[in-house]
Amino acid sequence: MTTFADIAAKVHAGIRLDEADGLALYEHPSLLELGALANEVREKRHGDRTFFNRNVRLEVTNVCVASCRFCSFAKLERGMPGVVVMTVDDARRALREKIAGIEPPTEVHVVNGLDPQLPFSYYEDLLRMLHDELPHAHRKCFTAVEIHWFSRHYSMPVRRVLERLADAGLQSLPGGGAEIFHPDVRKKICDDKATADEWLEVHRQAHALGLFTNATMLYGHVETYAHRVDHVLRLRALQDESIEQRRPARFQAFIPLAFHPAGNDMRELPGPTGVDDLRTLAVSRLLLDNVDHVKAYWVSSTPKVAQIGLSFGADDVDGTIVGETIYAAAGKQAPNVLAVDDLVRLIREAGRVPIERDTLYRVVREFPRAAPEGAFKVRERRQGKHLRVIALAARRDVDDPGGAPTGGVS
Amino acid sequence: MKKLRVAGVGYLNAAPLTVPLADDPEVDLFLGAPAEVARRLSEDEADVALLPVAAAATIGGLERLDLGIATKNRVRSVVLVANEPLESVHTLALDASSRTSVVLAKLELLARRGSLPKLVSMSPADAIAAVGIADGGVGALVIGDPAIDLAERYPFAVDLGEAWRARTGLPFVFAAWAAKKGALDARAIEILEGAAMVGLAARDRYAEEYAAKQGLSADRCRSYLNEAITHHLGDDERAGLDRFFDDAAAARLLPRARLDLPRSAAPSLPSCADRGRDVDALVEDAAAGARLSADDALRIYRQADLFSLALAADAVRKRKSAPDVVTYIVDRNVNYTNVCTTSCRFCAFYRPLGHEEGYVLSREIFRQKLQEVVAAGGVQILLQGGLHPELRIEWYEDLFRWIKNEFHLGLHALSPEEILHVARLESLPVRTVLQRLHAAGLDSVPGGGAEILVDRVRRNIAKAKCTSDEWLGVMRTAHHLGLRSSATMMYGTVDSDSDRIAHLIKLRELQDETGGFTAFFCWDFQHEKGTRIAPGDHGTVLYLRTQAIARLVLDNFDHVGSSWVTQGPAVGQIALRFGADDWGSVMFEENVVSSAGTTFRMDAERIERQVKSAGFRVVRRDVRYRHLGPLSAPLPTGAS
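As given, the protein sequences belong to chains A and B, one line each in that order.
The first sequence maps to residues 1 to 410 in the numbering used here.
The second sequence maps to residues 411 to 1050 in the numbering used here.
Bound conformation, chain A alone (with noise of 0.2 Å):
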């Protein structure tokens, strides 16, 4: 049996965790003791510092041959209420409404439903007016699923589908569509669009091709704990390939997305908990050895959860997100956009330092330490503080009957 103890001795001594060391993680009944040690972790990597950037959302089409049970956005057929098909001028027109007034973005993100009725040249018109409209703003476009789709319904290989989109101006990929992973869970709530391995291929060629991607995990509906660490160690794997091989681009962020019930086929399941937020993201920076940043997403986990999220292993909170509609169809609580203050004060707040970076988490602006008037005061890190705090906690174990949680998500 492991123990946190034997979990956290590997973690000081850079031993890399395995599946049973990532479900004890996620089985171990204190919470705190579980953020302490991702919190170490974080801060090794990033001090305090934590990134954010400014970016804008455009989603073109919601049409999608796909039948997502979680989805609250696709609308599958043309002529359905509510569907929305934009045209490359219609979406220039979106895109200049989301952007008007406010400081030109450092990022683009496109996902979008997989429209049968759009021709491929679409999507590269719609890249090139990207670049007409924002040239230096980075364009991360097209989820993974996307990917394998146009290459399905193109018939193209995923590498020709890829190569065209970067002649067209794509610059990365963003992470969305890896849901989990397991075929048990993909059969259950997305049981017609790429496969795990077909998902893991396209991020595969794309870090061959120089294309950054970042890679996603939707928890808190129908999968287990074992689901979670499972996906997990998956996408560690393909890192690890993507670093022995020397592959120009590998996964830069790993960003957990909480499952919301709201207008989608799934809504009998309460979605996951704020003490899950944590636990995950915390089992994730621990797991994910080899993966730079992780991600409180303050869209999917509000903006109150990222601040805690900010101690618990996430070193990111994403950005400004301008016109977010995913979920906002499922009933988020979050706002719709943070302005850069409001996210440098998001930051400060917990604690941190902010970055504001680009894409490639290249620094764009740095920010001065300076915590809020009338809150604590940022303490001073010391040298083996964790380990305290660990030795303070394990005389405790003893007598702690809280028990754990009584495991996965059902």
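Heads up, none of these hints are tricks.
Calculated pairs, SDA-like style, for lysine to any residue (alpha carbon to alpha carbon, straight line, at most 25 Å): (1) B:K728 x A:P29; (2) B:K728 x A:T3; (3) B:K1022 x A:R267.
Okay, the calculated beta carbon distance ranges per label pair: (4) A:G331 x B:D879: 45 to 51 Å; (5) A:T3 x B:Q778: 55 to 61 Å; (6) B:D879 x A:D341: 37 to 43 Å; (7) B:R1019 x A:Y361: 35 to 41 Å.
It should be emphasised that the hints constitute simulated quantities derived from the structure, not laboratory data.
As the structure is a computational prediction, the values presented were derived from the model and not from experiment.
Ideal Cβ positions, reconstructed from N, Cα and C, are used throughout, including at glycine.
Using the hints, position chain B against chain A.
Chain B alone, transformed into the frame defined by chain A:
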């Protein structure tokens, strides 16, 4: 030049140190009760104070002069008396206002008998009377003039100065000139030492004047001031003071403390063990149950690592209540009127008398609401309203009796502000109002309106509201009558972090005195709805830190509740790992009438899921935090 603001206790024994200051043009002198002296120093309204040493330990981080109030042996003005051996006394009547003497008495009793009798606070005269009236088993701690030579009149009496000497071989220090670090500069020292030189030479005169004014024997007052009391604190006194601090900290009666001379003034003294103690060591002490001074609490609040702080709060929470249980209550918040005579700027709810939207709930509506509560398995109603200028005390009494007769519900009703309003309206003492309402069925007093119990803050945010002392006074009286109450703190307006700590210390001191608080809740000021929701206006991390430090400071509170209503369910749940053991109440939607039961069950179900998912058992409770069984009503089907 700015005047030196000096506060001192106004007793005869302090006269040689304080009286000459009244004539000093450089001094702004205040003389008053120990609690007010401590408050002034703590809240920076005084630069230096002749401060009882218990208050010095509670504030923490202070320095002193070698001038104060001490006794080498018999003190005569602090005595325990009884008609039987103190070992067999079951109740001790005492004047709680002198905390130093109370702590000294507790140490003496613990040393003699290993446990404390029940403590009941009352005036010295009432305390003396109680010993005579009661059948037996009652003792009194008497302090001040009434104590002088009282010992001779009882078969069993202990002079606490004499007993301390016998037990420790050391003098006892009651008070000393003290100030925050850096405030005892050359000018302050010169002023205070100069005054002492004048005052010590005039002891006989002060004693005689005092005797004449109080109708006491001049001889006795002279000998008291010259012989029983010493004003110079030498090495023996320092040792006595350190011993007192150590014993009190070991018994968890006071924070671990030292009160030393400023370093520059005493280079030869060894540096005290506590100075600059590592914050992590402070946190570990607090986790183990040590009492925190305001100064230490502030350091932890500001500087401790988030996880150390949380683990310590979690450790304390596990000792204070069932370690694996989180409770909640099924109740309903009913606002009996929105008519209010005050017009707080931040309030959108209240209407002036005569306004067309003003209302007072009718019995019919009350009946309907309460029936829904009962049908949903509710066990309490929380009844609060505006300060209605025409609702007389009989209206409340009738309502309470009717509720108690018709429904079996706990009555958690009328915050201190409303109690004070009724008292003013009826020209009745608060005590009488509370007695009458208690008799009519009131069970407990909600702790709302506490905001921050620092008057500088209260005047700024809600001028019309009661003062800190009034709020605390209502709660003290309620507790004395056997009522319970909750305590709250709303931070994040114009308060500083040290104001929040001061608030917590005031609650802790009243709880020491009465034990009447059930639980503590805090939240940050919520900006009016409709504005864009900013990402944590004061920070969610700050909320967690605030709740955790409250759990550490409030070492005499059994329960701390998380405020999911203001922070949202996700943060409310996470807060269960930052010191909270209670989820508060089910949100009972006011506007849902026909399907109210459904709404409640959904919410109770959701609460239970949140609590279980955080790793706790969930148990319903009543107003006094007693555990109740599970809801028997079946869950409705198709509730979505």
